[in-house]
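Trainee: When you get a sec, could you build the whole thing from the sequences and use the hints?
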Amino acid sequence: MRNVQFREALREAMSEEMRRDENVFLMGEEVAEYNGAYKVSQGMLDEFGPKRVIDTPIAELGFAGIAVGASMNGLRPIVEFMTWNFAILAADQIINSAAKMLQMSGGQYSCPIVFRGGNGTAGQLAATHSQSFEAFYAHVPGLKVITPSNPYDAKGLLKAAIRDNDPVVFLESEKMYGDKGDIPEGEYIIPIGVADVKRKGKDVTIVSFGKIMKVAFEAAELLAKEGIELEIIDLRTIRPIDYACVVESVKKTNRCVVLEESWPLASISSEISYHLQRYAFDYLDAPVMRVTQTDTPFAFSPTLIDEALPNVERLIKAVKQTLYRN
Amino acid sequence: MAVKTANKPTKNTKKASASQSSKFTKDTYVKWYKDMLLIRKFEEKTGQLYIQQKFGGFCHLYIGQEAIVAGTASACKEGDKHMTAYRDHAHPIALGTDPRVLMAELYGRSTGCSKGKGGSMHFFDKSKGFMGGHGIVGAQIAMGAGVAFAEKYAGTDNVAFVSMGDGAVRQGALHETFNMAMNWKLPVIFIIENNNYAMGTSVERTTNVTDLSKIGLSYDMPSRAVNGMSPEAVHEAIAEAAERARKGDGPTLLDIRTYRYKGHSMSDPQKYRSKDEVAEWMEQDPIEHCLRVIK
Ligand SMILES: Cc1ncc(C[n+]2csc(CCOP(=O)(O)OP(=O)(O)O)c2C)c(N)n1
Ligand SMILES: [Mg+2]
Chain Y
0 MRNVQFREAL REAMSEEMRR DENVFLMGEE VAEYNGAYKV SQGMLDEFGP KRVIDTPIAE
60 LGFAGIAVGA SMNGLRPIVE FMTWNFAILA ADQIINSAAK MLQMSGGQYS CPIVFRGGNG
120 TAGQLAATHS QSFEAFYAHV PGLKVITPSN PYDAKGLLKA AIRDNDPVVF LESEKMYGDK
180 GDIPEGEYII PIGVADVKRK GKDVTIVSFG KIMKVAFEAA ELLAKEGIEL EIIDLRTIRP
240 IDYACVVESV KKTNRCVVLE ESWPLASISS EISYHLQRYA FDYLDAPVMR VTQTDTPFAF
300 SPTLIDEALP NVERLIKAVK QTLYRN
Chain P
0 MAVKTANKPT KNTKKASASQ SSKFTKDTYV KWYKDMLLIR KFEEKTGQLY IQQKFGGFCH
60 LYIGQEAIVA GTASACKEGD KHMTAYRDHA HPIALGTDPR VLMAELYGRS TGCSKGKGGS
120 MHFFDKSKGF MGGHGIVGAQ IAMGAGVAFA EKYAGTDNVA FVSMGDGAVR QGALHETFNM
180 AMNWKLPVIF IIENNNYAMG TSVERTTNVT DLSKIGLSYD MPSRAVNGMS PEAVHEAIAE
240 AAERARKGDG PTLLDIRTYR YKGHSMSDPQ KYRSKDEVAE WMEQDPIEHC LRVIK
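Chains as they are written, first to last, in numbering that gives the first Met the number 0: chain Y, 0 to 325; chain P, 0 to 294.
In case anyone wonders, no lab produced these hints; they're calculated from the structure.
Idealized CB from N, CA, C, for every residue including glycine.
Errors might be hidden in some of the hints.
Unchecked claim - Calculated lysine-lysine pairs in the DSSO-like style (CA-CA distance at most 30 Å, straight line):
hint, chain 1, residue 1, chain 2, residue 2
1, P, K44, P, K10
2, Y, K50, P, K125
3, P, K184, Y, K38
4, Y, K50, P, K246
Unchecked claim - Computed spacing ranges between beta-carbons, pair by pair:
hint, chain 1, residue 1, chain 2, residue 2, range
5, P, G46, Y, V193, 47 to 57 Å
6, Y, D20, P, G247, 20 to 30 Å
7, P, Q52, Y, E46, 58 to 68 Å
Claimed, not checked - Partner residues are not named here, just some residues of chain Y that face chain P (Cβ under 10 Å, in silico):
hint, residue
8, V3
9, I65
10, G68
11, K99
Mentor: Quick look at the structure:
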């Protein structure tokens, strides 16, 4: 095992896949000479040269479209968006082009492409720079959506994403790039679409993904002292969702709280809640609860941010509600 | 009401063609004639069947613009790639796709070129290098440059031809793409199928720079206007641009001036233009022109 940063895990995944397959290349703003806005691609220009590690102008729609066309014509691009907020300008190419191509061409043209970059809140960056895109992209058939929560998952899943023949939306976090975690020496791949039970417990199931999971781990420690054992599921892949894993857990705990960094309406938590009432109805001993960001554009002031984001206190409260305790 | 249009037809006189025809063999004229006539007949039939409600969806005919795909097809080579917007019936025909699989696609059949999943606007034929058929105005501009990117990456001498309407050039993606395509010297040829109208809106109503061949100039992109009613002129322009691209000298913009005789789609009352204007362009019909030269 080696202890590496999240950004290093991502870099290892990209570099290993680029060594393995000539057709894989990386493009994006500041990825080459600047070594990446968040230093994810540090050193990659030196190893792979400017043909395969490509600095683009600030033109998200244009370079996303070029990458989509390249993917239709034999290449496997990795497109780094400085953050996913800016990829809204490229949404046309992600949603209207990449996601549709395989189906619309009757199977003749696929788009093996990974769109990746920082996602979600990252401190006092205010409304335009703090959005999470799981629910946006998970809505779209033809895409796969991945949100890793630690370096081990990040590396294994990014390698799977690069090898996948469908367009993959890979959501990272500026706040996690420095997180450290253990990864094995040898090569490994984590399959897309498989959730991971990150903590075993018998009382309440927590379903979550991405960096907000840290709130769940903290809450679990505190609740354990009161004799409440949380089972924590990391979805890891948001599309396709591993519903079976969630349902299995709830059949055991009979209670569930979904913890999500983003807004409540039309969210991943609404989706999970629907699925549980449909497929685990007879097993539920309490309504499914959720803890999400408040339903407002994200603010700048720390006071307002504290108010908006899910936290340990709110999660513990929701857990206790499912147990009819307070 | 009919507006004065920036584009005027260039005369396809027999005299002009006779002198040009020295550059092209009779066989070439016969091929152009056959290709264009097949497209015209396919489109006429398509229009009839649509009116008879044999199939649904949007339906955009290519009638009047045939010289563009005919002149491109004769000037390109195998391995080249082609991409266009939703007015896409003619391109695969010119590249040699069996019209029957295209008709099957219009009918939504699994035997169609896109297995009935694309319809009129989303024809694909990988075997002919025809990469769609794209319904979002302007989306193919960047994708087409990406196709060229892949050819350059793989070290081939193939060229990507990407067609767009005069309306599509108003999308911001064009500028992002032109800039990168020039900066990276991609082997792509941008073809404006300039029929002077985006649905009911003429070029002069959406810009103060009506000469669309100037759009590439701020990127130093080699650019020129081309008579789109003349397969000879199209062929020459495409051949010259393709040679440049194959040598590694990058993109070209061709503002190919043409005209669609029919409405934008099958549901267009055409109140925005006069019958005289349509007639004036039809006098330069490329199929008639080829026939005159052959005879
Ligand atoms: C992004 C987008 N906006 C609007 C439309 C609707 N639309 C379809 S065709 C068209 C006009 C395009 O005209 P032009 O580019 O000149 O092509 P032509 O139809 O003349 O071949 C419009 C506005 C669309 N398909 N995509
Ligand atoms: Mg037009």
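Trainee: All hints, please: hold or fail.
Mentor: These are the hints, each one checked on the structure:
Of the supplied pair hints, the one linking P:K44 and P:K10 holds, its CA atoms being roughly 28 Å apart against a limit of 30 Å. For the given pair, Y:K50 sits about 26 Å from P:K125 by alpha-carbon distance, which is consistent with the 30 Å threshold. A distance of roughly 28 Å separates the Cα atoms of P:K184 and Y:K38; the hinted pair therefore holds under the 30 Å criterion. For the given pair, Y:K50 sits about 18 Å from P:K246 by alpha-carbon distance, which is consistent with the 30 Å threshold.
Remark: the range hint 47 to 57 Å for P:G46 to Y:V193 is upheld by a beta-carbon distance near 51 Å. Take Y:D20 and P:G247: their Cβ atoms lie about 25 Å apart, and the range 20 to 30 Å holds. Separated by about 60 Å at the C-beta atoms, P:Q52 and Y:E46 satisfy the suggested range of 58 to 68 Å. Because the beta carbon of Y:V3 sits about 30 Å from the nearest beta carbon in chain P, more than 10 Å, this interface hint is broken.
At a threshold of 10 Å, the smallest CB-CB gap from Y:I65 to chain P is about 4 Å, leaving the interface hint in force. Hint on Y:G68 holds. Least Cβ distance to chain P is approximately 2 Å, under the 10 Å limit. The beta carbon of Y:K99 is positioned within 10 Å of a beta carbon in chain P (closest approach about 8 Å), and the interface hint is therefore held.
Of the numbered hints listed earlier, the single one contradicted by the structure is hint 8.
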